[in-house]
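Peer 1: These are the residues of each chain, in order.
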Amino acid sequence: MSLDLSIPRGLLLALLPELVLTGWAMILLLFVAWRHRTTRDLRVAGGITAVALVTTAATVWWLWWNQAGVAGIAQMVAVDDYRWVTDWLFLGAAGLTVLVSFEYLERERLLAPEYYVLLLFAVIGMMLMGGAEDLMVLFLGLELMSIAVYVLAGFDRRNPRAAEAALKYFLIGAFASGFLLYGIALIYGATGTTNLSLVGVQVDSLRLGSDPMLLIGLGLLLVGFAFKVAAVPFHMWAPDVYDGAPTPVTAFMATGVKAAAFAALFRVLTEAFPQAGAWREIVAGLAILTMVAGNLVALAQRSLKRMLAYSSIAHAGYLLVAVATGTSAGTAAFLVYLVAYTLMTLGAFALLAAKGRGGESDVLIDDLAGLASRRPWLAFALAVCMLSLLGFPGTAGFIAKWYILLAAAGVGEWLLAAILVLTSVVSAGYYLPVIMVMYMKPEPFEQAHTGVKLGRLAGVAVAAAVAGILYFGVRPNGLLDLAKETGVGVKPVPTFTVEPSGR
Amino acid sequence: MLLGPALAVSAILFTLGVAGVLLRRNAIVIFMCVELMLNAVNLTFVALAQQLGISGQIFVFFVMAVAAAEAAVGLAIILAIFRHKETVDLRNINLLKG
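Residue numbers (this note's numbering), protein chains in the order written: chain A, 29 to 531; chain B, 2 to 99.
Extracted from the complex, chain B is given alone in its bound form:
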């Protein structure tokens, strides 16, 4: 039940996440938007699991575990860049270009 609305909400959440990644310039906000995308996918899996069986719900656990590992590494990288630059604004992180 409620499959259509759940899929619509997750599509909207995913789009918001993509828009945030493309429009925002703060590394941490971008990372939060990526997490929003992953959570939109989780919502899709859970909604589909009503019809397609338990496997959809199991995928959600994998995705959450991966997202947690990614957060650990990602925040460490953001911390490393803050030590060098004293900022996490991507407009000021421009040593590499061309």
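One chain only, chain A, in its complex shape:
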């Protein structure tokens, strides 16, 4: 199915998933305007959210099944497999977050169904980021996502830690948006367009590879993205924000928000700047710093939530390695890693939410002692998540890391590959103790784990995550084939050139 984006019908079809989700978000907004007091309202709102996510995923599937594509050059929004795969990823992350949130919100007495509305708006922003073919659409999607997530981070208004997390996230996020936007402005100034493919064409045809305006713009853009994906040295906000926010929101930020920023970064770099090789070394440098610092600082953490926060920084480093390769093998590895990372991180945070009370920032790793004898299934699920985060063979984390290694070796980035392996070994120093205290240490006192209870729906989410981790760990072929086909779609097709008007 070839869409003509210059007529309304084609444009509507191209934007169908976003429009469906926006429609649901509006319906939900109207619903919560009238019904927002009791637990029942909260449950109904959660149910509507789940239905919204499923119907949107089905819409994406329909477009993918009909092989929707664009006639000519894509304006504003891309219609390719990369967009569909990232859409599924965001919708899946949001779906698991909703399942975890159901019981969490009731337990913590956060009886405000607006939570789900904000979640839906954040997902719309992410989908726009994954599909943005224009830097301005990218910026609008980013802001739609960020503003919703700023509120979600401080959603627990009675908790001063959540308010502080929201403040830090907001100030740093707005600061980073400023950098990103100035980068967009300078790229627009150098090339005369904000369309990603046309920027790529212009850079190539006008030989702008060493134009200072373009390079400064690209640098500012990279700084903005580095803040958003929490790459070292732009990561200072991440542990505090992840620590202070309600745990399901932390899970959502660590997976969906980060994946969206990465998806957009990847598309911008491969479509708009395939010729300007300057970014490769910068991204590789960021990857090395992020892997080393993230893993070393995580070693020193005693709180489980902060440890997971630093672990997610370390994983951003591994993902940056895939970005730095810039090949189609890199794209496939990147997408496989995003899926694996989303499953294992969401599973780990969901289990943390079951263990703790009131923000969960006080759950130390040692508090898990003896969990295996009291709650064997929970301990097993957490162990699987930890092993997958570590990259243990037989789990999705291993397969994903393996493909990143292959992609890095394929372009001769041996330094990156070696540091990835070494830091993964270091990461055993903080993932394995979690498993060790659960299985080998006795309960500190009787009834230490009686309060640990995973609700039914959160249990479904954890079970789905663990099943996914183990399934993709043993049979990764289906996922990899999908990612490989997608890798081809993202490549730019420079067919004709344009001159900027007025030059």
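No lab work stands behind these hints, which were simulated from the structure alone.
Among the hints, a few may not be true.
Example chain A residues on the side facing chain B (calculated, C-beta under 8 angstroms, incomplete) [stated by the list, open to error]: (1) Glu171; (2) Tyr178; (3) Glu192; (4) Phe198; (5) Leu199; (6) Gly206; (7) Tyr210; (8) Gly217; (9) Gly220; (10) Asp268.
Label pairs and their calculated CB-CB ranges [what the hints assert, rightly or not]: (11) A:Ser233 to B:Lys86: 47 to 57 angstroms; (12) A:Trp62 to B:Ala69: 25 to 35 angstroms; (13) A:Ala446 to B:Ala70: 43 to 53 angstroms; (14) A:Glu474 to B:Leu23: 44 to 54 angstroms.
Just so you know, even glycine gets a beta-carbon here, dropped at the ideal spot from N, CA and C.
Following the hints, put chain B in place on chain A, whose structure we already have.
Peer 2: Positioned in the frame of chain A, the structure of chain B alone reads:
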């Protein structure tokens, strides 16, 4: 006309905004500095629009709309933290660290 000076002024404004964010410790002042950064970007877009066509001016409207939405959420968050702490000085907002 005047493209060079306009770009220079916007670069200076942007730098001032960045310096303010990094140096000041009052949450509201930091937020104002972020707004200064966004306005510097607006000036860049308008200046470039003279040469590159109308799209630069349209971007400015998007940026202003986004900045307004951000201000609404940001001031609400600053208000929330003031209720807890009775201050908006970042030196005193330090529950989360490590």
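Peer 1: It remains to establish, for every hint, whether it holds in the given structure.
Peer 2: Hints, verified against the model:
1. Evaluation of the A:Glu171 hint against chain B yields a held restraint, the C-beta minimum of about 5 angstroms falling below 8 angstroms.
2. Hint status for A:Tyr178 relative to chain B: holds, with the closest Cβ pair at about 5 angstroms, below 8 angstroms.
3. Given the 8 angstroms rule on beta carbons, the hint for A:Glu192 holds: about 5 angstroms separates it from the nearest Cβ of chain B.
4. Taken as an interface hint, A:Phe198 checks out: its beta carbon lies about 5 angstroms from the nearest beta carbon of chain B, inside 8 angstroms.
5. Look at A:Leu199: its Cβ gets to within about 6 angstroms of chain B, closer than 8 angstroms, so that hint holds up.
6. Taken as an interface hint, A:Gly206 checks out: its beta carbon lies about 4 angstroms from the nearest beta carbon of chain B, inside 8 angstroms.
7. Checking A:Tyr210 against chain B: minimum C-beta separation of about 5 angstroms stays under 8 angstroms; hint holds.
8. Checking A:Gly217 against chain B: minimum C-beta separation of about 5 angstroms stays under 8 angstroms; hint holds.
9. For A:Gly220, the interface hint holds, the least distance from its beta-carbon to any beta-carbon of chain B being 5 angstroms, beneath 8 angstroms.
10. For A:Asp268, the interface hint holds, since its Cβ comes within 8 angstroms of a Cβ in chain B; the closest pair sits about 4 angstroms apart.
11. For A:Ser233 and B:Lys86, the Cβ-Cβ distance of about 55 angstroms falls inside the hinted range of 47 to 57 angstroms, so the restraint holds.
12. In this structure, A:Trp62 and B:Ala69 meet the distance hint of 25 to 35 angstroms, their C-beta atoms being roughly 27 angstroms apart.
13. Checked against the hint of 43 to 53 angstroms, the pair A:Ala446 and B:Ala70 passes, with Cβ atoms roughly 45 angstroms apart.
14. Distance hint check for A:Glu474 and B:Leu23: the Cβ-Cβ separation is about 52 angstroms, which falls inside the suggested range of 44 to 54 angstroms.
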